[in-house]
Structures are given as structure tokens and as C-alpha cells.
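Kindly produce the complete structure, drawing on both the sequences and the hints.
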Amino acid sequence: MNLESLYQDLILDHYKNPLNKKLAENPGISVHHVNPSCGDEVTLHLTGDRSELKSVTWDGVGCSISQASTSVMSDLVQGKSPAQAESILNSFMEMMQSKGGSQGDLELLGDGVAFSGVSKFPARIKCALLGWMALKDAMVQLDLI
Amino acid sequence: MPLDVSTIKADFPILQRKVRHDNPLIYLDSGATSQKPIQVIDAVSNFYKNHNSAVHRGAHLIAEEATDAYEGAREKVAKFIDGDPDEVIFTKSATESLNALAYSIGNAAKGSPFYLDENSEILVSELEHHANLIPWQELAKRTGAKLTWFEIDEDVRLDYSNIDQLINKKTKIIAITHQSNVSGAITDLPAIVERAKVVGALTILDACQSAPHMDISVKKLGIDFYAFSGHKAVGPTGIGILWGRTELLDQLPPFLYGGSMVTSVTMTGATFAKSPRKFEAGVPNMAGAVGLGVALDYLSDIGMENIHNHEIALTQYSLEKLAQVEGLTVIGPKNVEMRGAVLSFTVDGIHPHDLGQALDENGIAVRTGHHCAWPLMKKMKLVATTRASLYLYNDFTDVDHLITGIESAKKFFLKSGR
Ligand SMILES: Cc1ncc(COP(=O)(O)O)c(C=O)c1O
Numbered sequence: 400m401n402l403e404s405l406y407q408d409l410i411l412d413h414y415k416n417p418l419n420k421k422l423a424e425n426p427g428i429s430v431h432h433v434n435p436s437c438g439d440e441v442t443l444h445l446t447g448d449r450s451e452l453k454s455v456t457w458d459g460v461g462c463s464i465s466q467a468s469t470s471v472m473s474d475l476v477q478g479k480s481p482a483q484a485e486s487i488l489n490s491f492m493e494m495m496q497s498k499g500g501s502q503g504d505l506e507l508l509g510d511g512v513a514f515s516g517v518s519k520f521p522a523r524i525k526c527a528l529l530g531w532m533a534l535k536d537a538m539v540q541l542d543l544i
Numbered sequence: 107m108p109l110d111v112s113t114i115k116a117d118f119p120i121l122q123r124k125v126r127h128d129n130p131l132i133y134l135d136s137g138a139t140s141q142k143p144i145q146v147i148d149a150v151s152n153f154y155k156n157h158n159s160a161v162h163r164g165a166h167l168i169a170e171e172a173t174d175a176y177e178g179a180r181e182k183v184a185k186f187i188d189g190d191p192d193e194v195i196f197t198k199s200a201t202e203s204l205n206a207l208a209y210s211i212g213n214a215a216k217g218s219p220f221y222l223d224e225n226s227e228i229l230v231s232e233l234e235h236h237a238n239l240i241p242w243q244e245l246a247k248r249t250g251a252k253l254t255w256f257e258i259d260e261d262v263r264l265d266y267s268n269i270d271q272l273i274n275k276k277t278k279i280i281a282i283t284h285q286s287n288v289s290g291a292i293t294d295l296p297a298i299v300e301r302a303k304v305v306g307a308l309t310i311l312d313a314c315q316s317a318p319h320m321d322i323s324v325k326k327l328g329i330d331f332y333a334f335s336g337h338k339a340v341g342p343t344g345i346g347i348l349w350g351r352t353e354l355l356d357q358l359p360p361f362l363y364g365g366s367m368v369t370s371v372t373m374t375g376a377t378f379a380k381s382p383r384k385f386e387a388g389v390p391n392m393a394g395a396v397g398l399g400v401a402l403d404y405l406s407d408i409g410m411e412n413i414h415n416h417e418i419a420l421t422q423y424s425l426e427k428l429a430q431v432e433g434l435t436v437i438g439p440k441n442v443e444m445r446g447a448v449l450s451f452t453v454d455g456i457h458p459h460d461l462g463q464a465l466d467e468n469g470i471a472v473r474t475g476h477h478c479a480w481p482l483m484k485k486m487k488l489v490a491t492t493r494a495s496l497y498l499y500n501d502f503t504d505v506d507h508l509i510t511g512i513e514s515a516k517k518f519f520l521k522s523g524r
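First to last, the protein sequences are chains A and B. Each residue of the first sequence is one higher than the one before, starting from 400 at the first, in the numbering used here. Each residue of the second sequence is one higher than the one before, starting from 107 at the first, in the numbering used here.
Hints were generated in silico from the structure; no laboratory data involved.
Okay, the calculated bits of chain B under chain A, using three or more residues with CB under 8 Å as the criterion:
{"id": "1", "stretch": "456–468"}
{"id": "2", "stretch": "472–485"}
Listed next, the stretches of chain A that the computed footprint assigns to chain B, with coverage defined by at least 3 CB atoms under 8 Å from CB atoms of chain B:
{"id": "3", "stretch": "454–464"}
{"id": "4", "stretch": "516–526"}
Note that beta-carbon positions come from the ideal geometry of N, C-alpha and C, so glycine has one too.
Below, the structure written as C-alpha cells:
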């Protein structure tokens, strides 16, 4: 494992040019998640119903892993049904818990597989999951899962 | 006398090991915990191998030996801080020392010098580690006392400009850090202690970041209570110190009740032993205390003056080198005046967590995050910093490695097109 394989270009690109990083007004729900060990923060706005996650926008401060992962997540689940979003979420979490054993499901995760290397660094898994946990929380609060 | 760092390094087995990509370990995280010399590791192991037994109890030889070793360690601590052995209380950590003290104070009845109510104030500072902040927040809540605090200045030192208002007739407790674990700023204690004496407030010092690094006499400081952790002073984990002045410990109610801390017990009540036994209920961390005694001897043999001067020289060098790194901002005093070897910084465009990861790739261990001083970070409008903290086993080459590591992280994260 070296720095290049942990920080794939895709991660650094999303960090520099994040997607959907502008909170939409009047969301269905707004959640705020903090990683208490490092202070990284994500605010997530979600609007959606049982057929579709219509709008997933966010704002945050934190390391490249947490911010890029949130960016990729927001892009992946936008427009998906709650069930599809949940299976993407579960697939991402599985990859994160694989201790480097899983390359990730390219079909489900798309750009998200770039984070597979992160699972070898226990201290960074929480970074990669920050935005995803916010999404899960928002979907639960909207009663979508 | 300058330190012979290569000989010192050789005493620390962990500093011989290789880490990622077979890089030697460059340990710059002693502010979180220090490494242990073989002398301490052996002392702990020797205690378990040859003398392990419950102190102050058994009617047998090894119990006597264990008691001697444990009480001997107490004497070593007392000598190290220039206090009386009966004033030295073993705890599990500074966190426990400060919490136990806050609870003991909270147990004080009306009429006791420790009694707090709505008319009392507890003074802390924005520099505090959570361990010397939350116990006082909670004590304030329980007693109705008001929590007040020193703010910081642009150098991330305490701002003393309103000290006369902050330390007033209502101030009963001043709980303050001796040296910030974020900025490295050393507190101007004489100013605080002098004013505290005028109003009759108790002074409690969080010496986690100072006791391991400088020659300290609790008597000369004129403070009332003093807490530090053994593991930051080349000692084992799980052992900490609470020191207090005898007259105060005599009047302070205990917090933990149980075995060893009593003079007599009936079905309806108990009377309590004098300090330190009064505050050491239960079978204590004997091996930890013994290890700490040996750790403090190790430091004293090298000389706390020498260690301090070495760290000052390293800090001076680090500050000069860090100042030359473009985009790097040191969070804390920019000179070595009243400052210790804790160097927090930010680098434009690189989050501390990412920088820490990149340094780790080169075997360089630093701390990143809010350093358990979240209110301070918020005040400075920062999410996190990178922190290098130096100790007796670090040398100028270690600092050079840090600088090279930062430069290569910059190349990686800030390369054009990204
Ligand atoms: C200034 C300060 N106070 C208190 C503590 C708490 O020490 P411990 O975790 O050993 O109890 C620390 C440790 O990080 C510290 O740096």
C-alpha cells in the first residue's frame, strides 16, 4: 500500500471539485454528522419519497477521504429509489469493512470503488463513512428505509 | 549538558523498530503518550515476576516487598515534584486525578473550604484539554457554581488582560493547564497564583504536558493541587498522580470508598485513613507505580534541566524550519519564550488527517485532529491541526525528516492539475 493507491486520483479530484456541495433549500430533512475523533463534519440535505431520492446535497469540512466520499455518494444515490440507495450503501459499507479484501462492486459503486484501499486503514474508515452515515440517518428519518 | 540522544534512543526498544515500507519509526507524538525505556519495561516485568502481591495487606515476604516497592515509588514521585510522600496519590491517569478531585470537592459539606454554591466561580481556560474542562463543567452544574474562563490571544496563549476580573472574590477554584497540548504555550503561573492567593482561590494545575518536560517544584509554584499522567513521562500506562497540599488533603472528602482507605468500619459507617490512603481505595496499580518510579529516576538521572534545554533547542530549530515551509502556519507562539516542544500547524490545501497519513507513509508518527481541545479549535475556527510533539529521544534529524515529509506531502496533494 502506498499513498497513490490510497489516494487515487479520483478521490483527490472529488476533494478538489466536489459534486452537489451546495445545500438545497427547504429539504425534506437536514442532518448533521460529526466524526468526534477528528472533528470532520458533514451536513446533508435530502429530499425524496418512496420512489426516488430527488435531491441529495451537502456541505462539510474535513479530510479528502471524508469529503470525496460524500461527493461520490451524493452523485451515486441521486435519483435512485430508496431501495437502490440502500443496496449501494450496504455494498459500500461491506467494502469498507473488508480490511482490504474487497475491491468493491463496480456496477453498484461506480467511482465509489476508488475507496477500497481505505479499508486497510482502520483510522480512516470512519472518514470514508461519514457522509454515508448521514445519508442513512436522513433516509431513516424520512422513513424511507 | 547537551543530551546524548543516540544513547537515549538506544534505551527505547520501540525506536529500533521499522514501520511502513521498512522505514525507521520517527516518533513525534510524545504529547499523546511517550515511549518507554527498557529500564521501565524491565521494572514492570520484574515486579510481576518477583514481587507481585497486594500491598498493605498480606502477612508474607512478597507482600512486604511489594509494599516497599510501591511506597518507594511514592517517595520517588514526591522527590521528583518536590512534595511530601503523603501528599502523593496514585490514580490511573491525570483524567482520573482531575475527576476524582472534582468529585471530592463536590462531596464537601457546607462550611468546608471546598464548598461550592451559586455564589462560587470555577475558573478554567479556553486552552484546556477536555480532561481539565468537562469535570469542572459538571461540577459547576452539580453545585450551581458559575464556570468562567480565560480566553486566548493571537499566539494561542492565555490572555491575562482581565485577570483581576476573572479571579475575584467569588472565585473558589482555578483549574488551569501548565502547558497547552495544542499550542505549547506555558502558563504564567506566578501571575495566577499571586492573584489566587489574594482572593483565597484554590489553584489546580494540569501538568500533563509540563511535568514530563521540565524541573518542577510544587512548593515553589505555590499551587494547591497538581495532576499528571505517568505514561507521558516515559512511565507505564494506567498510572497517574494527584498531588495536593497536606492541609487541604486533610480536609478533602474522599471520592472512591472501599478497602484500604479506612481506619474503622461498622455496619452503619466508616472513618477514613489519612492521605494518601484515604484517596487510594482498593488494590492499586502496583506495577504501574513501580514503573513510574523507575521512569522518573530515568528522567532525573538525565536531568530535567538538560531535558528541558534539549527540547527548547529542538523547538527553536523546528520553528525556524517550519517557518520556511510555504503555506504552513504554526498554531501557537512563534518563539521559544515560555513555550514547550509541542508544535501544532496547518498546511494550506492539505487537511491534517491527510498530512498525517502521508507522514505515516514515511514512518513519521504525528497526531492530527482536535487534540481533545474542541472548544479551543472552534475558537480558532479550525477543524483540526497536525501536531508534532518532541521529547528527550528526538533529535534534529527527526525534525529534518518531518520537514521533508511535509514537503513531499505538499508535492503529492498539491501537484498541479489537482
Ligand atoms: C494537557 C492534558 N491534560 C490532560 C490529559 C489527559 O491525560 P490522560 O489521558 O493520560 O488522563 C492530556 C493528555 O492528552 C493532556 O495533554
